[in-house]
Structure formats: structure tokens, C-alpha cells
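Q: Line order of the protein sequences matches chains H and V.
First residue of the first sequence: 1, per full-length UniProt numbering; consecutive thereafter.
First residue of the second sequence: 1, per full-length UniProt numbering; consecutive thereafter.
No wet-lab data here; the hints were simulated from the structure.
Hints may contain errors.
Copies of one chain are not kept apart here, so a pair can be met inside one copy or by any two copies together.
Restricting the straight-line Cα-Cα distance to at most 25 Å, the calculated cross-link-like pairs of lysine-lysine (DSS-like) are [as the list claims (entries may be wrong)]:
hint	residue 1	residue 2
1	Lys-250	Lys-323
2	Lys-382	Lys-210
3	Lys-244	Lys-101
4	Lys-210	Lys-380
5	Lys-382	Lys-212
6	Lys-212	Lys-295
7	Lys-416	Lys-380
8	Lys-210	Lys-295
9	Lys-70	Lys-416
10	Lys-375	Lys-212
11	Lys-398	Lys-380
12	Lys-210	Lys-375
2 protein chains.
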Amino acid sequence: MAEAQWVLMATGRSPTNIAVIKYWGKRDEALILPVNDSISVTLDPDHLSATTTVAASPSFPSDRMWLNGKEIELSGGRFQSCLREIRRRARDVEDKKKGIKIKKEDWEKLHVHIASYNNFPTAAGLASSAAGFACLVFTLGKLMNVNEDYGELSSIARQGSGSACRSIYGGFVKWCMGKNDDGSDSMAVQLVDESHWDDLVIIIAVVSSKQKETSSTSGMRDTVETSLLLQYRAQTVVPSRILKMEEAIKNRDFESFARLTCADSNQFHAVCLDTSPPIFYMNDTSHRIISLVEKWNHAEGTPQVAYTFDAGPNAVLIARNRKTAALLLQRLLYCFPPQDNDLESYMLGDKSILSDAGVQSVADVESLPAPPEMKTPGQKFKGDVSYFICSRPGAGPKVLTDESHALIDSATGLAKGV
Amino acid sequence: MAEAQWVLMATGRSPTNIAVIKYWGKRDEALILPVNDSISVTLDPDHLSATTTVAASPSFPSDRMWLNGKEIELSGGRFQSCLREIRRRARDVEDKKKGIKIKKEDWEKLHVHIASYNNFPTAAGLASSAAGFACLVFTLGKLMNVNEDYGELSSIARQGSGSACRSIYGGFVKWCMGKNDDGSDSMAVQLVDESHWDDLVIIIAVVSSKQKETSSTSGMRDTVETSLLLQYRAQTVVPSRILKMEEAIKNRDFESFARLTCADSNQFHAVCLDTSPPIFYMNDTSHRIISLVEKWNHAEGTPQVAYTFDAGPNAVLIARNRKTAALLLQRLLYCFPPQDNDLESYMLGDKSILSDAGVQSVADVESLPAPPEMKTPGQKFKGDVSYFICSRPGAGPKVLTDESHALIDSATGLAKGV
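Just chain H, with the same shape it has in the complex:
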């Protein structure tokens, strides 16, 4: 059967996102329904994103998936939930050029191959599952011609990884926790797009860590079960913070934005510490970065930079503008000089921030003056930061139409280069 040989493909790219009001704790484990609303900023997909190709063919005997070039098991309930929900919404597809005609009901029988990769180290702990599941759902939706209701797509991505629902949009995004038991109203909405507040510059410090970290899934389960502070946070503190954060974003009020972002990051880590056994995501390096930012903000009289930490020691630093970001970078490089005397691999993403900071070489780093607000200027911590990434608020998922971006070989139906 000649028609059994066709392979239909779609490729998409989705950004990662960083919460500024944190999601921590589920009220329903299976459906991934949170105990509070959260708000995030989407990062520029040029710097931090997942790219995914999904392919369908009558010649595929089963569903298969490759992540960063390595085949992985698709048995996980979360992948299956996303696949099932998208298949349920699939519609007729016709590709006249290739002579392919798939009826709505045929999708139930067609198996898919999925290949995905992240343009940043997965091990860095930078919400790779958020970008990955958003991309999977978005791209499957394209392949299967699903109606473009982004709210519904976000609700499906949520079932893969909670925070993935926020990666369906660019700019600033709110995940509304919803009230329904079936989770149908637990979905993300865009607050403003990425052009609304484009002064912001985001510098991520990827912090070296010897500790094995608690997974966020088991960590938040333990917090829900044992922390006496979590419910108070979720029911009393967060609702008012969400309103204030929406106002701050709408008004581009950096001072309020920074205060809320830092306070909520710290409170998330506080409820982790209030868990039994306690969860520590931040380490001494994370503490030092907070201290550096707090001292500088205090010295300036008004916040220059906001910090936020997810389920790991990495610092995500949001500077009010490019000038501030350059001053921040000088401070960071002063305290955390590159270990390998190699600036090139120490600054990823938008490397042009280095010239804004007047730093072109390791010699320039070494001659940086101590920041005036620093009490003990001698202290340097070479090796404690693995590298920095410079980024900014970015756009939501998009289709990559150029076939060269496809991660699956249309002739074989398998991941390329495996």
C-alpha cells in the first residue's frame, strides 16, 4: 500500500517561562490543578526554548519519542494525557500535494513519533519540562489541525507539566487555578504581550551544585502534606499578590514588580523549608547572589533588579533596563569570575550585554572595580557560577515551516542524527 508510506510532520518551537508569583502545591495530582494562581514571564525562545517535531504515519506501529537525540519511554501518564486530549480534538487534515487525507476519526488509530530538543542544558534546571510540554501540545495541535483555542491548549499542556500551560503565550502570563473539579477552567491567559514591557533584561546565573535536588513533583507533594504555612500562603497571601502583580505589570511599575517578585520567591522557598523533611533549593551561592542584589537595591534606594529562584539554586535576575543589566553584570562578574578564563562560554544567550558592561575579555573582568556598596570587597567566588545566560521577555510558541528545522527525517520517520 503506497499510501501507507507517507509521513506527515509539523515542527514548532516553544519558550520556557519563569514564574514571578510562584506555583507550588497541587490540589489534584492527576489533573495537575494548583492551590493558587501564578504569574510568569516568557523568555525569548532564541535563548531558552524547546523545538519539537511531531510526525504521524500509518507505517508507525507505536508512539515513540526522542528527547535531545535519545529515545525515551512514552509510558508516562503525563505524555499520554497530552496525546489523548489532543487526539480527542483532532480534525480532518488534507495535504493535496502529498496526496494525504486524514479523517478526524483516523487520528485515534495513527501513531506518532515525537522528537524534541532544548537549546539550553536540560541539567541546568531551567523549566525545560515547561517548554517541552507546551511545545508538544502546540505542535501536536498543528499536526492534527486542532482548533486554535490557546486557553484550551494551555489546559492540555498543564496536564503534562503544570507550568507548561504558561509557555503557550509570550509576554506576561497568568495561570488561573480554576475552581472546577475536572480542571476545565484551570488554564493560562496572557496578561500583556512581549512588546508591552520590553525594557526588561533577564540574566540567569546557572549555579554549580553538588547536591541532588528534590524533584518539584515530589517536593510540592511533601509541602502540601506537611507544611502548616502553605495553605495560608495559597489562600491568603497569593490572591492579594496576584492582583498587585497584575497592576505592576500593567503599569510597568518596576519597584512594585521587583518587591513582589523577590518576596514571592523567598516565600516559596520558605514553604519548602517548612516542609518535612525540609527542602533546600537555594545554596550558599544563591544566598550570595540575593545578598549582592539586596545590597545594591538598598544602596540605590529603589530596586534595580528583581531576583527569583525556582526549584534549584539558579538565580533569575530581572533588570529594569539594559543599563541596569550592564551594571548588574559587572557586579556578578566581579563576585563570580569565570573559572576557565574563557568568557565566550561563560556568557550565553544575548552576549552583546558584555560590551554594554564594558567587558570584552577575562582581563576586563579582573580589572572590574569593587561595587561601592560592597562591604567586604575582597570576596570572590570563582567556580560557584557555571555560566550566565542573558535573555529578555519573549514571544509564545510558533510553527517552524522551514523543513530544515524538522527533527524527524520525513523519509524514515525517525529522529534525525540518532
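Based on these hints, arrange chain V on the given structure of chain H.
A: Coordinates of chain V only, in the frame set by chain H:
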């Protein structure tokens, strides 16, 4: 005037104490009134205590004080509060042998000299002010023949340093926050004396730290002003924990005691983290010690050891009995071997715990096997612990009648050896 030459002295010794339900946050800064009750265990004064000599003489032109051999200013409001409150309660004193007769009203005019020293490093951050103020108040009370109402003495010591009120008793002690605006009902009571639960062994790991720590006075002020979780902790969580902790202590129920102690330590540090700017007292070494204890407790199925941390990185570890303490010490020495190859100065207090642990030399430490519950047995952190102190629950303040203990020279009225 010959009678102007006499010097009347008293010397006392008071223990330090470690809270197992923490005091953090004042509702009245001047009177030192807390936002919640707290419970502590008094440590054996042989290992951790303050010794204070107070002297009065008509020849003293002003009040003076020496701390650890160095004269310090007595202008602080807290010293003055304690002095004033004790003077107010002073009664007639007669020493027929020395021919001294002091009338109640004379105490207002008599100046005092105070000399105090701690038998442990002040810099270690082990509640030296608790022992110090308790000792000052207790010993001044003796000198001035104040009525021995320990509740009232504790209330006076509280005005020197909040936690000092708990050092007025041995064993387990509760500081009742009280309700009155004038603080008259904010005082400590003994729950049980030190003989009630004498199986317990306390090992303190004094952790090396490069960071300058936030003082507890300014730290708790910041928490009261900025943490959204503190009031919930104080009003809702602690009252029920206090009741459970009293039960656990009464019944010598180590499992409940350990769970409550660890949870409350972690929650205290959680509200510190929820403060703006956030306060970090624990560092990576503190986290490693918690992790070591949690893994062992988990492996045993029931808690062997409780941990608690005050306003600093030092771990206070309470083992259910001596056998458990020996097993704990093996684990601690395995992970944190002595840096200077000198076991003698690495184990202070009750050094006999070393032989219980089968460790007599640095060679013995090096040949300790990895604890079976440890996942990554290679990891050792030489230098991260400065030294250990082994202690146990101990008795309250007492008078030292032997003149050789006096820290003031009765001939000169000045601190000895200055």
C-alpha cells in the same frame, strides 16, 4: 571612713538554653515581650554557662562591667533595666563578720561592679546573652537579698535578653508570652527538672561561617515588620505545638519531641526567609547536617535524633540516648573529619562520648565506615565544622560560694587578671 572600704560580693553561674519551640518576634521591643510562647532545654552548665561576680561598695563611684576580661560600656538600656528592676526589689543585708550593714534604701545609692565570663566561645553564637543576663539577674538578686521568686527573676532577665528568662531554671522550661501590656505576666516556668529526661544527649556542631550574621534583635524586628507568615505561625501554629511539646516532654515521647523540634526549627528559618530582605542563618553545612539526620531517622523508621538551629549555622542535635549519640557522632565525624588532625580540641564538653563512639584518635575517624543509609559515601567536608560540644540537659543557676570562683578581687573591687 573605714566602712567605705568594704566590698560585698556574690558569684553565680547560669546555664545557656536552646529553644525547641522557637521565640522569634517581639510584640513590644522595649519590654521584650514575644509574639508566642517558647520552650527550651537548659544545657549542663559544666559545658555551656556564664559565671558572674557582682560586687557593691561605697567606694565605687559608678557602675562598671567586664565581659570575658574586657571592660564594656554599661550604658545599654537592657543592662540598666535589669539593674533597676533588681535594685527596686533589694532588701536589707547584714554581714556581721565583715561588719557590713546595708539597708534596703541604701541599694539605690550603691554602685556595682560586674564581671562575667562564658565557658564557651562567645563568637560561637550559642545564646551567650541568655546565660549572661540570667546570671546577672540571678547573682544581683543574691547580692541584694531579693526575694527568691524565680518567676519574677525570669521576668527581669527577660528585659535583658528575651531568651535569658528561660535560663533561670534547669530541665525543660516554658516562656509564657503573657497578655499584660506591662509584661508582668511574661515569664518562664519550669516544666520538668533536669532529672526528668536524663537519657538525652546533646551534641552541638559549631559550624564555620564566612558570612556576617544578622543580629537576632534586628532580624526579628524585620520579620515582624515584613513577613506575611509570622503572625500565622505565632497565632495559629505555635499554640498547638506548645501543647503537643509539653505532652511529649511530660511523657518522654522522643518521637513526638523530635518531630516537633525539627519542624519548629525549620519553620523559624522559614519565616526568616519570608522576611524582606530575607535572612539566612543556615548555610550549606547546616543543610548537610539536616540531610544526614533526616536520612538516618528515615532509615531507622523512627527519629533517633532531633535537630534545631538558632540564629546562626550551628546545629544543636538532641539524641534520644547515649547509644544513639555515639552512633550520631560516628556519622558526624565521618562527614566532618577534624581539619587539624587534633581530636582533643575538636570535641569539647563531655569528651567521654568519643570512647562510646569507639573513636580515640584521628586514625579511628579515618577508618570509620560510611553510614549504611548514605547515598554518596565519598563526600566528606573537612573544615566545615569548627568543633563539636557534647552536653546534656542541665540544672539552673546556682551560687558559687567558694571565693576562688569570684571574678572580682575583693581587695580592689576590680575584675581579676585585667
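Q: Next step is simple, just say for each hint if it's right about the structure.
A: We went through each hint and held it up to the structure:
Taking CA atoms no more than 25 Å apart as the test, Lys-250 paired with Lys-323 passes inside one copy only; the shortest distance there is 22 Å, against 62 Å between copies. For the identical chains of this complex, Lys-382 and Lys-210 are neighbours both inside a copy (15 Å) and across copies (16 Å), given an alpha-carbon limit of 25 Å. For a Cα distance limit of 25 Å, the shortest separation of Lys-244 from Lys-101 qualifies neither inside one copy, at 50 Å, nor across copies, at 69 Å. Within a single copy, Lys-210 and Lys-380 get their C-alpha atoms as close as 19 Å, and across copies as close as 12 Å, so both meet the 25 Å cut-off.
For a Cα distance limit of 25 Å, the shortest separation of Lys-382 from Lys-212 qualifies both inside one copy, at 21 Å, and across copies, at 20 Å. Taking the shortest Cα distances, Lys-212 and Lys-295 sit within 25 Å of each other only across copies (14 Å), while inside one copy they are farther apart (30 Å). In the homo-oligomer, the alpha carbons of Lys-416 and Lys-380 never lie at most 25 Å apart, since the shortest distance is 44 Å inside one protomer and 44 Å across protomers. For the homomeric pair Lys-210 and Lys-295, the shortest alpha-carbon distance between copies (17 Å) is at most 25 Å, but the shortest distance inside one copy (27 Å) is not.
With identical chains, the CA atoms of Lys-70 and Lys-416 are at most 25 Å apart within one copy only, with a shortest distance of 11 Å there and 75 Å across copies. With identical chains, the CA atoms of Lys-375 and Lys-212 are at most 25 Å apart between copies only, with a shortest distance of 10 Å across copies and 32 Å within one. Proximity of Lys-398 and Lys-380 under a CA criterion of 25 Å is satisfied in neither setting, with 42 Å inside one chain copy and 48 Å between copies. In this assembly of identical chains, Lys-210 and Lys-375 lie within 25 Å of each other by CA distance solely across copies; the values are 13 Å between and 28 Å within a copy.
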